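**Student:** If you want the building blocks of each chain, they are given just below.
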Amino acid sequence: MLNTFRKIVFVSLAAMFLLSACATPTTEAPKPTSAPAATSAPAATKAPEPTKAPAATAAPAAAGPKVLRLARATYPDIIDPQISSFGIEIEVMKFCYEGLTAIDNKGNIGPGSADKWTVAADGKSIVFHIRDGLKRADGTAMNASDFEYALKRAVDPRVVGKQYADIMSDVKGSHALIGAKEDAKMAQADVDKLYAAYGVKADDAKRELTVSFDQPAPYWLYVAYIWETYPTDKKKVDAAPTNWWNKADGHSCNGPFTIKSIEEGKKIVYAANPNYWRGKPKLDRVEATYITDEIQRFEAYKKGEFDEVDVTPATLAQVEGDPVLKAEMTRYTAAITTNLAFNNLRKPFDNVEVRKAFSQALDRTGWVRDVFKGIGKPTTRWIPPGVPGAQPDKPGVPASDTKAALATLIAAGFGTADGKKVDCAKLGELKITYAGTAQNHARFQFLAGNFAAAFNCAITLDPVDSTVMTALVKDPKTNPQMARQGWIQDYPHPQNWLSVYWKSGAFAARYGYSNKDLDALLVKADATVNFDEAVKLYSQAEDMLLKDVPGAPMNHAEVIYLVKPYLSGLKQNPSSSDAEWAGEWGPVWTYDVDLTKVPASYPKQ
Amino acid sequence: MGAYYIRRLFFIIPTLFASALITFVIMHATPGGPFDAGNDKITERAKARLMAAYGLDKPLFFNTQAVQDAYAENKPFYEVGAAFFDAQFELWLVNFVQGKFGPSFRFIGRNVEDILLEPTSLDGVFWQNRLMATIILGLVATIIAVIVGFPLGVIAAVKQNSWVDNLCLFFATFFYGIPNIVLGIFLIIIFASWLGWVNVVEMNYWEGWRPWVLPAFVLAIPTAAFLARLTRSSVLEVLRMDFVRTARAKGLSENVVIAKHVVRNALIPVVTFLGPALATLITGSFVIETQFGVTGIGRLFVESVGRRDYSVIMALTLIYAFFIAIANLGVDLAYGFLDPRIRFSKK
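Chains as they are written, first to last, in the working numbering: chain A, 1 to 605; chain L, 1 to 347.
Excised from the complex, chain A in its bound form (with noise of 0.2 angstroms):
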């Protein structure tokens, strides 16, 4: 008995051993992005073999349905559109709901939910009108009543945990709401009352929905689109009211798609919306799989168990080795834009020369080169390309240069005696603070590195935790001298990169920074009725809070995915920000795959 089970445990060592001893890596070493023609490549260095393209079914189209299947990398914690804030949350939302307008996959609004509408000559309200027939999937009909719900939970005290109230406060009434105390049980009297002067009133009779302002808003008609304007369902929110989201039958759905199934972490499962008001979606399903591990998803990928993937800097050499994962390749740039953040109020920052002098030090091209292995754009604008009023050509904060680098803080008086250097006391402790992970510190060794070859200037860099870093950087007595902060796109529109990031009092704030001309620029403009008068209004604000560098942007974010060549449709929407997968922020009910190129391995049910 006993020498059977050492044979037994024998046999399995061995085979473990034989198994480690054949084992190679899987992924081969990067090759350098610029290496010089004359260098080889090693010869022990074989190159990776290329990903066999999976061999196309020959099964007709009606074989079975049309599945989107996307490997996604974080589960969201909520999904609730008057609650919700993060991107992982609000794609799931999308998938299901519909606002009042839509944006389309040139980044112009339309109609959603609302067929048409009407803004006031003072920009002051908008009337929606709600499309005739329109339905949740369940085949309920909706009106302008629904709508009016979801606009006031967005605001509602009893509603605990909304993170992104504040969207709201452009319509009328709005800040008693949204600073009220949240209390679930908040008599109904006291809700009414604060109610009662919120400028959103629903009129089922005509099918309309009128929304007032405090100020002309005419930029509404976007706000009108985001999540938080998404019409929840009452009677699901009533019968559960903290955690009716948390399974699928919670969401009555109007959008393009219903959510079939929920398994908490792992996977969310969307089936196309036969009640949708565009007509029933291309795509029969969609499935989001959610897989931590970015091998594990890029893996899965190549294997075929997903339709689409993103490219990490980990996985970028390997695909661009590969001919046919290089096929397959998608990038674009996105409307995701990096500042290095000074905090104004903080010496030597305080000075505009100081902030100049930094951006010029700034090594953009590096940055994205050397740091992100080449994905992102530089940049010297906030704006980014696509979303109307951006000038990608035209000159932002000052531009990379270190010879003027050194020339405008020598000239702003910190140089020494001679004028020749820099004199690093007048300065003082120069630091950058970032959250410190393995990446971030390679990422901010090459922005201290850029600065110390600029003005030979010892550079503290501090790195903390990620948690640590968000709580900092949202008070400017404790945001950091410089930190690397930027803006994630709600609304394709110029206002929700001036007015809601750069006016006194909002984001702007974080970094110490008011201009009351800028201000006053950007009130006009978000007054503006008129569509292209307000870009180049906006514009010109742009260039005004570009002069007064309150911060240098650095890059804008690209999107990397990987697309199987059965799918179609996947457009890329100029002005979005897709940071979730390829063509998140397009129009979904027009994706499409063909059946007759689908390997073998693909969903028959």
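For the record, the hints were derived by calculation from the structure and aren't laboratory data.
From a predicted model like this one, the values you see are computed outputs, not experimental measurements.
Wrong hints could be hidden among the right ones.
Straight-line C-alpha distance at most 20 angstroms; calculated SDA-like pairs for lysine to any residue [to be verified]:
id	chain 1	residue 1	chain 2	residue 2
1	A	373	A	321
2	A	260	L	204
3	A	181	L	204
Position chain L against the provided structure of chain A, taking the given hints into account.
**Tutor:** Using the frame of chain A, we list chain L on its own:
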């Protein structure tokens, strides 16, 4: 004997209280709060509102302001006294005594006990939840660790200094040194990408035993390796004892000597290790849960620390403390069975 174990069970209560207090202090001493984590778009106004809504604007232990307010309002003395304890820790404690862990600050609208105990899918039966997923993973890993590690240790000791011993030692050292995360990716690539025996994305953990094998194996391997080394040294020590020589002199076969006399006596240090190891395997599976997509509490715990989800951190710390206390109690119980000479006095 029975009274001893009952007493030990009661000692778990102060242990849990101490764990809760220490965790609470450390947690709140760490900079940043639940509404700082992740999303820097949350404004200061929204953050203040959220803090107030969840009672995080109250003092940690004693609310002197509430006492002053109650006193100024001429409230009865018991209300003034109660106001002193209108603080975060006491509120948590009151909830805990009632069997509630409070609301999660991350999964807004959900209580911690719901997050731990609700089935993770709509059609899931009641026990298919996060807590059970981690327990199953830990138990399967423990079984694998014992099945692999213990026999290897015994064989290595019996064949001391032979090639078998060297191979076992190599195995133990090699696999003890490989981080779980590396081994996990390695096995996924071999068994899923190359051999195609399993899917890279193995999702249906509640539909059979197959999905559990790889994650449990990866989780078990370092423990199995350590167990093999521990068993080897323990068996070697016992092999040199007089009673083993006597057994052999009696003419018993070597297999009987090993199986009946050596192994049982060598088990004491092994069991001592296995108690906390079991608790560690049950609670320490963050990397594996993340890598293999298991929706369990190991993953939840680490994510909660990063997100400063205080209620979840408190709940899971206490669950872990409870597991470890119970595991240690189990070890003590096992001593008595393994070696009848070990008895616990009443003193």
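**Student:** All hints, please: hold or fail.
**Tutor:** A quick look at each hint next to the structure:
Pair hint residue 373 of chain A plus residue 321 of chain A holds up; C-alpha atoms about 14 angstroms apart against a cutoff of 20 angstroms. With a C-alpha separation of about 17 angstroms, the suggested pair residue 260 of chain A and residue 204 of chain L falls inside the 20 angstroms cut-off, and the hint holds. Proximity of residue 181 of chain A to residue 204 of chain L is assessed by CA-CA distance (about 43 angstroms); at most 20 angstroms being required, the pair is judged violated.
Violated hint for the displayed structure: number 3, the only one.
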